[in-house]
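Asks: Chains as they are written, first to last, in this note's numbering: chain Y, 1 to 411; chain H, 1 to 437; chain B, 1 to 506.
To be clear, the hints were calculated from the coordinates, so they are not data collected in a lab. Mixed in with the good hints, there may be bad ones.
[Claimed, not checked] Derived, one-sided and incomplete: chain B residues facing chain H with beta-carbon distance under 7 Å:
| no. | residue |
| --- | --- |
| 1 | Leu100 |
| 2 | Glu103 |
| 3 | Thr105 |
| 4 | Val313 |
| 5 | Thr315 |
[Claimed, not checked] Output of the computed footprint for chain Y on chain H, the stretches with three or more beta carbons under 8 Å from beta carbons of chain Y:
| no. | stretch |
| --- | --- |
| 6 | 287 to 293 |
| 7 | 404 to 414 |
Glycine included, every Cβ here is placed at the ideal spot set by N, Cα and C.
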Amino acid sequence: MTVDDTSDGRAPDPGEHPDAGGTTQQESPTPPFWRRAFDSLKVPVLAVFSALVVGALLIMFTDEDVLYAWARFFNDPLRALERSATTVWEAYSALLDGAVGSPAAISESLLRATPLILAGLAVAFAFKAALFNIGANGQMIMGAMFAAWAGFSLDIPGPLVILASLVVGTLAGAVWGGIAGVLKATTGAHEVITTIMLNFIAGFLLAYALTTDAFLPSGTGNPVSKPILDQARLPRFISGERVDLGIFLALGAVLLIWWVLERSTFGFQVKAVGLNPHAARYAGMKVATITALTMAIAGGLAGLGGATIPIGPTGTLTAGIIGFLGFDAIAVALLGKSNPFGVLAAGLLFGALNAGAVTMQAETQIPVDIVIVIQALIILFVAAPALVRAIYRVRTGDAESPLFTSSWGSG
Amino acid sequence: MTDTSSSGTQPEASVSTGTKSTDKQTADAAVAAEARRRATRRGIIWLFTGVAVIWLFAIGVDTSISSTFDLSTTTDLTLTVPSAATVWVLGGVIVALGVLQIVRPLGASGYLSVLVVILAVMAFLTWAGRDQAFSLVGMLQSTVTRATPLALGALAGVLCERSGVVNIAIEGMMLFSAFLAAFAASASGSLWVGMAVGVFGGAALAWGHAGLSVTYKVDQIISGTAINFFATGITAYLAASVLTSNPQLNRSGTFDNWSLPLLGDIPFIGEFLFDNNIYVYTMYVLLPLVTWMLFRSRWGLRVRSVGEHPRAADTVGINVLRTRYHSVILGGMAAGLAGSFLPLGSVGSFQEDMTAGRGFIALAVMIFGRWNPVGALGAALLFGFAESLNSKLAILGTPIPSEFLLMAPYVVTLFVVAGFGGRARPPAADGQPYETN
Amino acid sequence: MKVELRGITKRFPGVTANEDVDLSVSSGEVLALLGENGAGKSTLMNVLYGLYHAEEGEILLDGEPVTFESPADALAAGIGMVHQHFMLVPVFTVNENLMLGNEVTRGPLGKLDFEASRERIVELSRRYNLAVDPDALVENLPVGVQQRAEILKALYRDADLLILDEPTAVLTPSEVTELEGIISALAEAGKAIILITHKLGEVMRVASRIAVLRRGRVVGETRPEDTDEQHLAEMMVGHAVKLVVDKTEAAPAEVVLSVDGLSVRDDRGFVAVDDLDFEVRSGEILAIAGVQGNGQTELVESLCGLRTPLTGVVTLDGADVTGAPPGDLFRLGLGHVPEDRQNDGLVGPFPVADNMVLNTFNWEGFASGPVRDRDAVHDNATRLSEEFDVRTPSVDTPAGTLSGGNQQKVIVAREFTHAQRLLIAAQPTRGLDVGSIQYIHARIVAIRDAGAAVLVVSAELDEVLALADRVAVMSEGRFVGMLEGDRIDRNTIGLLMAGHATEEAR
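This is chain Y alone, in the form it adopts within the complex:
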């Protein structure tokens, strides 16, 4: 038989598959490592920068002095500009000062980064399986609640009780994440809805727990738990600073998750399920089991993150102990592009932002909530690389963000 000259193996299908065929002919050599690293950092860096700029505008135009100066712009244009610049300068330098300006500030930043990194990993790990874990907040609450309970009720030697607290907290988070995972795997209920609901339920469970004798010191009506036993607190390693061993837990988790994703058969399956569940199923992977397990592991990470708070810095359990950390974690995961080391960097940045914001509010009376706005803007810019490209007219090495939105009802 004759062999066709088209059988060079590269024949694209220009008609029916323009996109599939199209990429083959312009195969460019893989760019060097530093070039790729630089390209992949462009969007996050520009996103943070843009968010800070918008935040600066917001600070300027809610400051009465600045507004007054602008109202008199035509009398004294320099003054308006000067007032604006001063206000923003004062705010951001207080922010920077509170974040990294002193050993104490760095200690605070690391302390705040710890749960963010762990919960950020929880969101990022789920992302790898194309699951959108909005439930890190609830999982952290469960983790904090059970870790605290172990921390004030198990009267056993120090290292053991710490370990017990962390394990119990991790398991509680894993169960909470696992519920969403199992529901997704068995009924197809979309994890976005179930985890949102589980967040609320966890919040009410915590509120309820803080009315019971098991959690409250006898004779108080305040919803503040019994204090965590001294031997159950995470040890501090710099005298005089509050930062504790939790940050090393977070570092360890980063390495572990990286290893699981890059080197283990389980991580291989998680990524396969995330990138193409059909092919994963055809290859014999148990998609439902992997989905459920991924959510449980994600929940465990968030639970661990939650656990580090009561047995670390706060020493007690309160209703608002988690706040919106689980939502900040989404921003951390997105900014870190779901890469464990990216999450580490983003977590440290957000920890610093949160720590700095407190100083900023104390020194300049600008509400800490500005950080939420900045985080929202970061998500926005990271999620829409096209927007960043359009604003800064740069090329980025980014693929567009993945799609999580399969329809609500069915998986």
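Please arrange chains H and B on chain Y, whose structure you already have, making use of the hints.
Replies: Relative to chain Y, chains H and B alone:
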């Protein structure tokens, strides 16, 4: 010829229609058997529900005790029934339905499930209200009020998702518009201005959502999350930096109730349905209207086609992206209306995070209502009922911690999404960005 | 009406899909646009229909240059298109689908006038003999009827030029005959028609003029009376091609796969595979022929552990494997080349190396316990790429960026290495270039000769004829005939596919 059936190695490979028809029946029988098993399972659940109702709410209740329901707040119209006997009757009906279902599957079992739930709730109310007066009209009025933001919020979801754009930012849009509405109403002194600005605020965020998800093709859930974040942050920031130092900018007040002529005079029904504020009446009009528009008008046909099969719509000359923009912004306006209800229809001022998850519940309401506005109205009433039941039970002094009562709607939603979501069919292109060529 | 394309050039990143194409068609004419998959036929028509915009060239309508910014412009100019994948909204009625974009309304709110449009549909159905129930939901209609609805949709918009894109791909032979009648009738009624196809017989029967497209260019124009199928085929592929594989007589040995009373449901719960019994022996190729959508997909999925059978027993080498998970089956020596390679066969963003162990990643040799051996995976891929002639820049290249033929070779390389006992290949060469087809066919025969049992599912008669030692023809979930040896011929299979279970065929 060498067909294998004649050679004997493949006895059934070729066709012989006579024997195959019975095989077809085996396969059909297997299908039928499974449907039958499902029906039986449902019957068993009903049977147990009925028994549980009688066990919990009738056994041990003194037969001389009666329950009294107040049917009016202005007149002394009441309904008094013997507690135990009533529960026995209600529970008996449920048991009978269950037995019937097991013996011979009934049609329309979806509706019957709803009926079973209603009967069980009535039995529960009879028990909870035993030996005391229970304000049924008050509870129903509060049901309608609580359902309003949920129904309008769900309408926002329906409008977006029917065009193929998932909207989890209803919460953020509501919160943002609640802030703007309270601020604008206080600053202008006019509730109507507040409402208009609130609607505008919802539309503005929706425009952002459309821009991100339709034009920039950002994942719609991420875009929604960013908007929720933004709304939480900006309202908290502005409330802290502007409203706290200027409390006069956060005193909007609320719309008055307005009893509809004639309808409002109907005893009992008129009192909780037709003596309400402008938001409730808007809900009455808007949801059926949008349903009609979606399924009977040119606009609706086009919106739905874009959400189901955008390429088909494109090939007949419908501008998919523009249609999605319009639908999402309309949805944002509905969310804005829902958000402005909170300060202007209920509370009288803006409070930080005052939506408290209603936007997410609205999402569940939308799914429960099967992406149909009238369905969403029904679902919203159900959720509103659950909420107002909670608050009434607290008054009646049932021994359930209030946290669990507050948790109930979220647990219900979880079950609804898990049990029901699998069967409801969302628009086929929901969540998928459309790539034009 | 006369439509002309002049010098159309359409490029996609890295690919020129159409280059300097000239074409014209007038009322009453059926122009067949003939070409292999990927020759650029659909792209060209999408340019004409306003879905794509050409980089160069112009479109003339009755001699006047026109530009179509969108399908709406093309529609307004009287050009209608019946797409290969129907552009019908499944949850709408036929009536709603037909009026969409062209609605008749009443009143200020735009109330749809279903009655008026129903009348129009009934009138059109009658005039062109296209029976469709206007109030039926599209998703409940058989494919052939959906196609009639699509044609009506174009007529409803007063189309004078109808573009039919591969209209017979999903039809049974009798439906094809019916469609050919419809096409001729439409031409007689004064419509201009462009028929996109790669089927030669069809072209010879209905076309009044034939344009052959190869690699984006028009390589020839002719008329049916001036040519024959062999000549057309040569024009299409560029040289004489015969899809014949060198293969020896089969030497069937022991039974490997045995299927007894198997029934399987499809996603909608309907019985798609209806009580099948058959065996495949070591050293033979059983081909399942049939129009797509007659239960082949469900059959293969149930045999590969992807779909739980409703009834029946499947054994592999004597062991009951009914409902066994795919992972177990692979270890028992099953290889499965899935029908939809992009969706089911590959994880596109994964490198070639990972895709080559997609279902063996946790086997001894590629992993020890939970730890992957990445060097072994890499070496394996390098070896297989060479052995199976996979053209890829490196084994670290994402598989999704390879051409269709090379993607399929990645899957074939993976599956054939562990198909020691049974190979199930569904539509193994669909959409591939001739060279890849020949290569994969030769490999399939080789694995048969190595002693595996082979089950090939194909909708392409040529493929079935080239490969099969035995042919089972599948229709509506059943085997309507089982042919062997010299009983395997084009005509008999065609008749059986159409549902004629003749006495002779038995």
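Asks: Confirm or reject each hint.
Replies: Right, here's what the structure says about each hint:
1. Leu100: holds, 5 Å
2. Glu103: holds, 4 Å
3. Thr105: Result: holds, 5 Å to nearest chain H Cβ.
4. Val313: violated, 13 Å
5. Thr315: Since chain H brings no Cβ nearer than about 15 Å to Thr315(B), farther than 7 Å, the hint is violated.
6. 287 to 293: Violated, because only 0 residues of the stretch 287 to 293 of chain H bring their Cβ atoms closer than 8 Å to Cβ atoms of chain Y.
7. 404 to 414: holds (count 7)
Hint compliance for this structure: hints 4, 5, 6 are broken, all remaining hints hold.
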